[in-house]
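2 protein chains.
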Amino acid sequence: MDLVNRYIEEHKDMYIDWLREFCRIPSVSTQNRGIQEASTWLQSLFKQIGGTADILETTGHPVVYSEFFSGGKKTISFYNHYDVQPEDPLEQWVCEPFAAEIQEDKLICRGAADNKGALMARICAIHAYTQVYGRLPLNVKFIVEGEEERGSVNLSDFIESHSDKVKADLCIWENGIVNPDGSFELKLGTKGILYVELIASGANSDLHSLNGAIVENAAWRLVWALNTLKDRDENVLIGGFYDRVANLSDAERKALEKMAYPEAETLERYGLDRFLLNLSGIALKEKLLFQPTCTICGIDSGYIGEGSKTVLPSKARAKIDFRLVPDQDPEEIVRLLREHLDRNGFEDIEIRARKGSRAAKTDPGHPLVQKVIQAAKKVSGKEPQMVLMNPGSGPMYQLCQQFGIPTVGFGVGNSDSRKHAPNENIFISDYMYGIKLAAMVIHELA
Amino acid sequence: MDLVNRYIEEHKDMYIDWLREFCRIPSVSTQNRGIQEASTWLQSLFKQIGGTADILETTGHPVVYSEFFSGGKKTISFYNHYDVQPEDPLEQWVCEPFAAEIQEDKLICRGAADNKGALMARICAIHAYTQVYGRLPLNVKFIVEGEEERGSVNLSDFIESHSDKVKADLCIWENGIVNPDGSFELKLGTKGILYVELIASGANSDLHSLNGAIVENAAWRLVWALNTLKDRDENVLIGGFYDRVANLSDAERKALEKMAYPEAETLERYGLDRFLLNLSGIALKEKLLFQPTCTICGIDSGYIGEGSKTVLPSKARAKIDFRLVPDQDPEEIVRLLREHLDRNGFEDIEIRARKGSRAAKTDPGHPLVQKVIQAAKKVSGKEPQMVLMNPGSGPMYQLCQQFGIPTVGFGVGNSDSRKHAPNENIFISDYMYGIKLAAMVIHELA
Numbered sequence: 001m002d003l004v005n006r007y008i009e010e011h012k013d014m015y016i017d018w019l020r021e022f023c024r025i026p027s028v029s030t031q032n033r034g035i036q037e038a039s040t041w042l043q044s045l046f047k048q049i050g051g052t053a054d055i056l057e058t059t060g061h062p063v064v065y066s067e068f069f070s071g072g073k074k075t076i077s078f079y080n081h082y083d084v085q086p087e088d089p090l091e092q093w094v095c096e097p098f099a100a101e102i103q104e105d106k107l108i109c110r111g112a113a114d115n116k117g118a119l120m121a122r123i124c125a126i127h128a129y130t131q132v133y134g135r136l137p138l139n140v141k142f143i144v145e146g147e148e149e150r151g152s153v154n155l156s157d158f159i160e161s162h163s164d165k166v167k168a169d170l171c172i173w174e175n176g177i178v179n180p181d182g183s184f185e186l187k188l189g190t191k192g193i194l195y196v197e198l199i200a201s202g203a204n205s206d207l208h209s210l211n212g213a214i215v216e217n218a219a220w221r222l223v224w225a226l227n228t229l230k231d232r233d234e235n236v237l238i239g240g241f242y243d244r245v246a247n248l249s250d251a252e253r254k255a256l257e258k259m260a261y262p263e264a265e266t267l268e269r270y271g272l273d274r275f276l277l278n279l280s281g282i283a284l285k286e287k288l289l290f291q292p293t294c295t296i297c298g299i300d301s302g303y304i305g306e307g308s309k310t311v312l313p314s315k316a317r318a319k320i321d322f323r324l325v326p327d328q329d330p331e332e333i334v335r336l337l338r339e340h341l342d343r344n345g346f347e348d349i350e351i352r353a354r355k356g357s358r359a360a361k362t363d364p365g366h367p368l369v370q371k372v373i374q375a376a377k378k379v380s381g382k383e384p385q386m387v388l389m390n391p392g393s394g395p396m397y398q399l400c401q402q403f404g405i406p407t408v409g410f411g412v413g414n415s416d417s418r419k420h421a422p423n424e425n426i427f428i429s430d431y432m433y434g435i436k437l438a439a440m441v442i443h444e445l446a
Numbered sequence: 001m002d003l004v005n006r007y008i009e010e011h012k013d014m015y016i017d018w019l020r021e022f023c024r025i026p027s028v029s030t031q032n033r034g035i036q037e038a039s040t041w042l043q044s045l046f047k048q049i050g051g052t053a054d055i056l057e058t059t060g061h062p063v064v065y066s067e068f069f070s071g072g073k074k075t076i077s078f079y080n081h082y083d084v085q086p087e088d089p090l091e092q093w094v095c096e097p098f099a100a101e102i103q104e105d106k107l108i109c110r111g112a113a114d115n116k117g118a119l120m121a122r123i124c125a126i127h128a129y130t131q132v133y134g135r136l137p138l139n140v141k142f143i144v145e146g147e148e149e150r151g152s153v154n155l156s157d158f159i160e161s162h163s164d165k166v167k168a169d170l171c172i173w174e175n176g177i178v179n180p181d182g183s184f185e186l187k188l189g190t191k192g193i194l195y196v197e198l199i200a201s202g203a204n205s206d207l208h209s210l211n212g213a214i215v216e217n218a219a220w221r222l223v224w225a226l227n228t229l230k231d232r233d234e235n236v237l238i239g240g241f242y243d244r245v246a247n248l249s250d251a252e253r254k255a256l257e258k259m260a261y262p263e264a265e266t267l268e269r270y271g272l273d274r275f276l277l278n279l280s281g282i283a284l285k286e287k288l289l290f291q292p293t294c295t296i297c298g299i300d301s302g303y304i305g306e307g308s309k310t311v312l313p314s315k316a317r318a319k320i321d322f323r324l325v326p327d328q329d330p331e332e333i334v335r336l337l338r339e340h341l342d343r344n345g346f347e348d349i350e351i352r353a354r355k356g357s358r359a360a361k362t363d364p365g366h367p368l369v370q371k372v373i374q375a376a377k378k379v380s381g382k383e384p385q386m387v388l389m390n391p392g393s394g395p396m397y398q399l400c401q402q403f404g405i406p407t408v409g410f411g412v413g414n415s416d417s418r419k420h421a422p423n424e425n426i427f428i429s430d431y432m433y434g435i436k437l438a439a440m441v442i443h444e445l446a
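Protein chains in written order, with full-length UniProt numbering: chain P, 1 to 446; chain B, 1 to 446.
Only chain P is shown next, with the shape it has when bound in the complex (with noise of 0.2 Å):
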């Protein structure tokens, strides 16, 4: 492998110019905005380096599918995508959100980190390994969709219809970070997501707020609704919501002892002096790994510009998301809200549910799993930090855990790189640190 970590070395300027091309695609899926420009360009870069590529229709924005095929008996799969989130607030980032800067070894771009640069990393691997071997050791499928940031709303179709391109041995997940002491963490499970929006309405038109003594106020009715979904000591209280959340077993107690986790540096990161509900230690980790959350992303009613416009507002929406824990289904948690809302006299309330996703994970212990382990401590030369359980979401349930395929993911990220926040950013070193791990994981499992 040192032919090729040199061969990575020596190339590092194109693989950053790469990057950073490809970053430059603003490729909002949930905006519908440069889609085709992304996948076309993603499918140009699969032929250059010597794979098959397709573009492949869903009802959604497609998904592109490349194969890299050796003849060897091992297959392993790659997901990623290509889409990234909106970039607003502008004025919060220190450049342009897609200009696709570099400052004192750090890109800063919306979706470097949240997946552009694990994705290219993969890419570069795959092309430094053929460069110097002239082959792989292993065939290697990439999955990679446009729609994962709006909950991979058409991903299921596209597997239900294309389920000879879904099998492998071992599927690496689309991310990761590298801890600040420069050993990898390896994510071997991932939260589900349910996300809806609950709409309140009134009269046909915002009217003159004198009228709030008779008549009803959408933004009332929707703060009433939302106060009895979760209490101030962050428990939901959707009936049966928690119905199906297991206890913690030993094994995962244990693995959560020994997960570092920087909470001073993340409170001093955020600007905060304490995590919600004081928590810390065990039960901090278990709360962001194990148990559902009910979250308020956005809300919307009535004026909300400079001043003071006197008005009673017609409507008022919230944007809420669920992270679901193992055994959680999210069609069964729009059930129980449904339930919910009625029963507490908000049978006006409207639910809009977007096709959610169901948590996964695999057992640390799969050999296939334990190569990954090797590889990440030789390129590193430290042991990984394991995280059962990503706190964030992905279809890793419908695309691997539901036909027994494992999983585990690395990246490029950092312990600040800003996901879904102005300055998303990775370091370069880690990107590169990122490409030859992704090389030596292809050599380590063949």
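Incorrect hints may appear among the rest.
Identical copies look the same in the list; a pair holds intra-copy or inter-copy alike.
Claimed, not checked - When the alpha-carbon atoms are kept at most 16 Å apart in a straight line, the in silico EDC-like pairs for lysine to aspartate or glutamate are as follows:
1. LYS315 to ASP88
2. LYS165 to ASP54
3. LYS106 to ASP17
4. LYS315 to GLU91
Please keep in mind that the hints were generated in silico from the structure rather than gathered at the bench. Since this is a predicted model, take the numbers as computed values, not measurements.
Based on these hints, arrange chain B on the given structure of chain P.
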């Protein structure tokens, strides 16, 4: 007065042109638009029709002050404002909000009803009267402020430094409507107002919503805080809020019984099937006129655009107005609100309060009010409808009640004038009617 009425009819087109020209100035005080243009436009019109006219500076927008001195013994003042509400939501307008289009005898424009139509009717009346008789039979003052739509925040200071200009035997208040049966509405009081923003703050920027498990969510904090302010039966829960709210007197109850309120038409217009709490009859009218309110005018937090951004908001803001009844003191309410939030564990919620105004009311038996009633009868041939309390607000207490000046309001709106809402409008016929009433009032009072 026949000569004056004939003169008014003969100059109808000119008076409509004056109004449309004024309406086309987008004098949105809360957004600092069109203020200088509107105030200087008014100043030159006052001068053109024979008055003095000064633009008197305040810390905020200036007051346009005009006098028509006749040497008569009585002095009346007109209180109006040249500012208007913001025009959004734009997509709900049938024409440009400031184009001042006339469709089927209706002038549609932001500010037409509130209250440029009423102000112009008074100015036209002065013009017609002086053109016919050479001079007015009493002294007239116009106090036209530019910040009514943002709570008359600097009017108190103006009143303090120009107390001579405020003195009058009777103040004609800004506005009122012409009922569907052609009778005038005369307003004898107005609710007070307090406008506040509540602001919840969490981390130093919006975060990926996976952090919802462990980081405080500003939107949830705000929802929980708001929920403590009012229950679902519309009871405001702020301790002491109702302490100064008086029971209805017998006279008030009788007046309420006599007062018509078009329940069915109002419901149909707003697209509703019932009023708040299923109220109707005298209970509905009492709530509208004599009960204080707590109304969410707007809420803003996190991502409110299209699609599903999974974000944990770092800020959440609510705009709230309280409509106050006689003896409630806005400064006291702010204090009670702070105490309430603190007592309920919301010390972290910031309150930004604007200077409010107190409610005011005038005795319908006052001799000068009786003369206005006579004038209204003469113009319309019908008994005017007395509204003891305007459910909207205005600085009537500061400008009049604190000096013992009685007030009565009338104007050119209609029961579907859509003040503060899209498609604000007045009927041209009501405008003409309003010019005649203003002229008749001057005549009767002298």
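Quick rundown of the hints versus the structure:
1. Only between protomers do LYS315 and ASP88 lie at most 16 Å apart by alpha-carbon distance; the minimum there is 14 Å, versus 23 Å within a single protomer.
2. Proximity of LYS165 to ASP54 under the C-alpha cut-off of 16 Å is restricted to the intra-copy arrangement: shortest distance 11 Å within a copy versus 80 Å between copies.
3. Within a single copy, LYS106 and ASP17 get their C-alpha atoms as close as 14 Å, which meets the 16 Å cut-off; across copies the closest is 63 Å, which misses it.
4. In this homomeric assembly, LYS315 and GLU91 come within 16 Å of each other (Cα to Cα) only across copies, at 15 Å, whereas the closest approach inside a single copy is 28 Å.
Checked against the numbered hints above, the structure breaks none of them.
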